[in-house]
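Residue numbers (the numbering used here), protein chains in the order written: chain A, 1 to 399; chain B, 1001 to 1262.
Hints listed in this document are in silico derivations from the structure and should not be mistaken for laboratory results. Each residue gets a CB set at the ideal place from its N, CA and C atoms; glycine is no exception. Mixed in with the good hints, there may be bad ones.
[As the list claims (entries may be wrong)] Only part of the chain B face toward chain A is listed, based on derived beta-carbon distances under 8 Å:
id, residue
1, 1013
2, 1043
3, 1044
4, 1064
5, 1066
6, 1089
7, 1092
8, 1096
9, 1099
10, 1113
11, 1114
12, 1116
13, 1118
14, 1141
[Said to hold, decoys possible] Some chain B residues well away from chain A (every beta-carbon gap over 12 Å; in silico):
id, residue
15, 1051
16, 1057
17, 1068
18, 1095
19, 1098
20, 1162
21, 1198
22, 1240
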Amino acid sequence: MSSPALVVFKKELRDTLRDRRTLMAMIVVPLLLFPVLMIGMARFSQSRAAEVQGKVLHVAVADADGRSGLAAFLSQEPGFDVAETRDMLALPEQVRSEALDAAVIVPAGYAQALAARRPATVQLVHKTSDDFDIKRRRVEDALGEFEQRLLDERLAALGLDPAVTDPIALETTDVASSREVLGKLLGGLLPYMFILFCFTGAMYPAIDLAAGEKERGTLETLLSSPASRLQIVLGKFAVVTLTGITSAVLAAVGMYVSVRQGIEGVPPAVLAAIEQVLAPSTIALMFALLLPLSVFFAAALLMLSLYARSYKEAISVISPLMIVVIVPAMLALAPGVRLSAVTALIPILNVSLATREIIAGTAAPPHLVLVFVSLAALAALGVVACARWFSREDIVFRT
Amino acid sequence: MIDVSDLTKSFPVSRQQRRELGPGFSGNAVQAVAGVTFACRPGRVFALLGPNGAGKTTVLRMIAAMLRPDRGRISIAGVDALADPVAARRRLGFLTGSTRLYERLTAEENVRYAADLCGVPEPDYRRRRDALFAALGIDAYAGRRAGQLSTGMKQKVAIARTVIHDPEVVVFDEATSGLDIIAARAIIQLVKDCRAQGKTVLFSTHIMSEVTMLADDLAVVHRGRVLAAGPLPELLAGGRSIEDEFVRLVDAADAARPGGAA
Chain A
1 MSSPALVVFK
11 KELRDTLRDR
21 RTLMAMIVVP
31 LLLFPVLMIG
41 MARFSQSRAA
51 EVQGKVLHVA
61 VADADGRSGL
71 AAFLSQEPGF
81 DVAETRDMLA
91 LPEQVRSEAL
101 DAAVIVPAGY
111 AQALAARRPA
121 TVQLVHKTSD
131 DFDIKRRRVE
141 DALGEFEQRL
151 LDERLAALGL
161 DPAVTDPIAL
171 ETTDVASSRE
181 VLGKLLGGLL
191 PYMFILFCFT
201 GAMYPAIDLA
211 AGEKERGTLE
221 TLLSSPASRL
231 QIVLGKFAVV
241 TLTGITSAVL
251 AAVGMYVSVR
261 QGIEGVPPAV
271 LAAIEQVLAP
281 STIALMFALL
291 LPLSVFFAAA
301 LLMLSLYARS
311 YKEAISVISP
321 LMIVVIVPAM
331 LALAPGVRLS
341 AVTALIPILN
351 VSLATREIIA
361 GTAAPPHLVL
371 VFVSLAALAA
381 LGVVACARWF
391 SREDIVFRT
Chain B
1001 MIDVSDLTKS
1011 FPVSRQQRRE
1021 LGPGFSGNAV
1031 QAVAGVTFAC
1041 RPGRVFALLG
1051 PNGAGKTTVL
1061 RMIAAMLRPD
1071 RGRISIAGVD
1081 ALADPVAARR
1091 RLGFLTGSTR
1101 LYERLTAEEN
1111 VRYAADLCGV
1121 PEPDYRRRRD
1131 ALFAALGIDA
1141 YAGRRAGQLS
1151 TGMKQKVAIA
1161 RTVIHDPEVV
1171 VFDEATSGLD
1181 IIAARAIIQL
1191 VKDCRAQGKT
1201 VLFSTHIMSE
1211 VTMLADDLAV
1221 VHRGRVLAAG
1231 PLPELLAGGR
1241 SIEDEFVRLV
1251 DAADAARPGG
1261 AA
């Protein structure tokens, strides 16, 4: 014979695992999202970049005096198809309509400015595109080389060494480990994703287990059974918490697998650093913080779900809550927001900040303890509030 | 045995309900049940007869320890339901017309869940399950998910779930409401079987023919109060039909209210 709470838990788990909608939100989406995003987007970006990088750029050069030599210079650059023109006014429209990839205009007075050793104006007409602006950068790089050649000639005419233009040889040494650097990058993304999955993974079961049960007319049968309200809450609660945590774990698994498989185009050093971040000890520490947060989410979701009269109403009540979850998680990305004795007490934000520090390997143990204790207290408060909520007749029988 | 005395229950009124009740309503609560007293004996069927909104469901929910009365006492098979609601519910089976099954669970899993919640030992469960499934013809579809069953099949599974723990008291809240004739007959047969087995049966209805067909004892409930209660033959001693007696009691009660007949 099992405790009624365990009976409720087993039944709800079985019921939940047979719900396609929950399975999608809890298992399929978190498991596949990272691989699809990371591999898919990386491959797409690379293929688009390679396509644009390898493309021959059609560039028109309109040289008012015809003496700059720019057209001839660009013609010798690989990947450039240069056409000379006198019709300067038509060029912007030709670039806008993408008949040209870019146009370079050398206004009258160019040669005089150069001769007077003043800056000579050269105009670049381009169209900002969604191809990472590679076309503009390629033309600018070529123009930069042309400028360097002119500078070298000017310095030579003055009898100066080209090194005279570099009075300081700046050497930089970044003492941050690749893990710390990655901590800043991934540390913003990872907790955000895990917290979101914790929430969305728990959302559908919570709605189904309270509002769904109310709507289907099975709640009355359950309430007339010998299980106490507390036992019913605990059974349902455990399932909702479990689905939230499972969702976050599967998201981590999806990410780990996609990193282990290697992502084309990502330098091996970065992949190695990601692997280091995804070490079991780091993950375990992160989930130690996510567990009480999931318990709190489960409490909040179950309470709202029970309050709703129907499944539909529960969705409309709970969906906006996602913003409440996302905002503190995103606040952690703001510059200057760090884990402190104060931020350690702010739910969700504390998990985001602590996770960032854990990933970067710079977490201070007292702060982590404070985060865990505050989350555990919040979770305990959530359980008590949820149990009381289930005892309220006006909520349970709200129709 | 069910003994209730002086059951009284009010519900707080929400803003929306206050709007619906109109400007004539004042106060923060509506009284759903007031001073309800009756007793149901083993081996007899007790009917609560009343129009919709009379307070029948509230009374039954208090008996099933789902709602706590503001005042009064409830005893279920000798157990004080207010002091020990869990023990009271263990002795009770509850079936309503709106009762549904867990659609993603099989028929057997639905019944098993109820048995496990009641803590029925495995050998007892096997014995009860075999007898009930055979009597109700559930064996043929015991392994099918409830969502794939017909209304009649679902009703039989709901019946099996209600009595799988062999309760001493069975409560039916408008259990035939909204059912087709075949499904309603299964419920009526269950009521008769429970009486034959010596169980205490309490059922609420607004259908007069069910009362004459099944009830040994009757309480007429109107506006949360018991207008009359006793053995059915005694209540109909004057040769009146159940409809005539019901209308007479309700009219008299309404006429006695401040402002006259409603």
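These are the hints, each one checked on the structure:
With its C-beta approaching chain A no nearer than about 10 Å, residue 1013(B) sits outside the 8 Å limit, and its interface hint is violated. Proximity of residue 1043(B) to chain A is violated relative to the hint, the smallest CB-CB distance being about 22 Å (cut-off 8 Å). At a threshold of 8 Å, the smallest CB-CB gap from residue 1044(B) to chain A is about 21 Å, leaving the interface hint violated. Here the hint on residue 1064(B) is kept, as its CB sits about 4 Å from the closest CB of chain A, short of 8 Å.
Because the closest C-beta pair between residue 1066(B) and chain A is about 5 Å apart, less than 8 Å, the hint holds. Taken as an interface hint, residue 1089(B) checks out: its beta carbon lies about 5 Å from the nearest beta carbon of chain A, inside 8 Å. For residue 1092(B), the interface hint holds, the least distance from its beta-carbon to any beta-carbon of chain A being 7 Å, beneath 8 Å. Restraint check, residue 1096(B) versus chain A: the minimum CB separation of about 6 Å is within 8 Å; hint holds.
Checking residue 1099(B) against chain A: minimum C-beta separation of about 6 Å stays under 8 Å; hint holds. At about 5 Å, the closest approach between the beta carbon of residue 1113(B) and any beta carbon in chain A falls short of 8 Å, and the interface hint on this residue holds. Against a cut-off of 8 Å between C-beta atoms, the interface hint on residue 1114(B) holds, since the closest Cβ of chain A lies about 7 Å away. Against a cut-off of 8 Å between C-beta atoms, the interface hint on residue 1116(B) holds, since the closest Cβ of chain A lies about 4 Å away.
Against a cut-off of 8 Å between C-beta atoms, the interface hint on residue 1118(B) holds, since the closest Cβ of chain A lies about 6 Å away. Checking residue 1141(B) against chain A by beta carbon gives a least distance of about 17 Å; that is not within 8 Å, so the hint is violated. The non-interface label for residue 1051(B) is consistent with chain A: the shortest C-beta to C-beta separation is roughly 19 Å, beyond 12 Å. Remark: the non-interface label on residue 1057(B) conflicts with the geometry, its nearest Cβ contact in chain A lying 10 Å away (cut-off 12 Å).
Residue placement check: residue 1068(B) does not keep its beta carbon more than 12 Å from all beta carbons of chain A (closest about 7 Å). Its closest Cβ contact with chain A, about 8 Å, brings residue 1095(B) to no more than 12 Å, contrary to its assignment away from the interface. Not every CB of chain A is more than 12 Å from the CB of residue 1098(B) (nearest about 5 Å), against its label as outside the interface. With a cut of 12 Å on Cβ distances, residue 1162(B) falls inside the contact zone with chain A, its closest approach being about 8 Å.
At the 12 Å boundary, the C-beta of residue 1198(B) stays outside the reach of chain A, the nearest C-beta of that chain being 21 Å off. Distance check for residue 1240(B) against chain A: the nearest CB is about 35 Å away, which clears 12 Å, and the non-interface claim stands.
In this structure, the earlier hints numbered 1, 2, 3, 14, 16, 17, 18, 19, 20 are contradicted, and the remaining ones agree with it.
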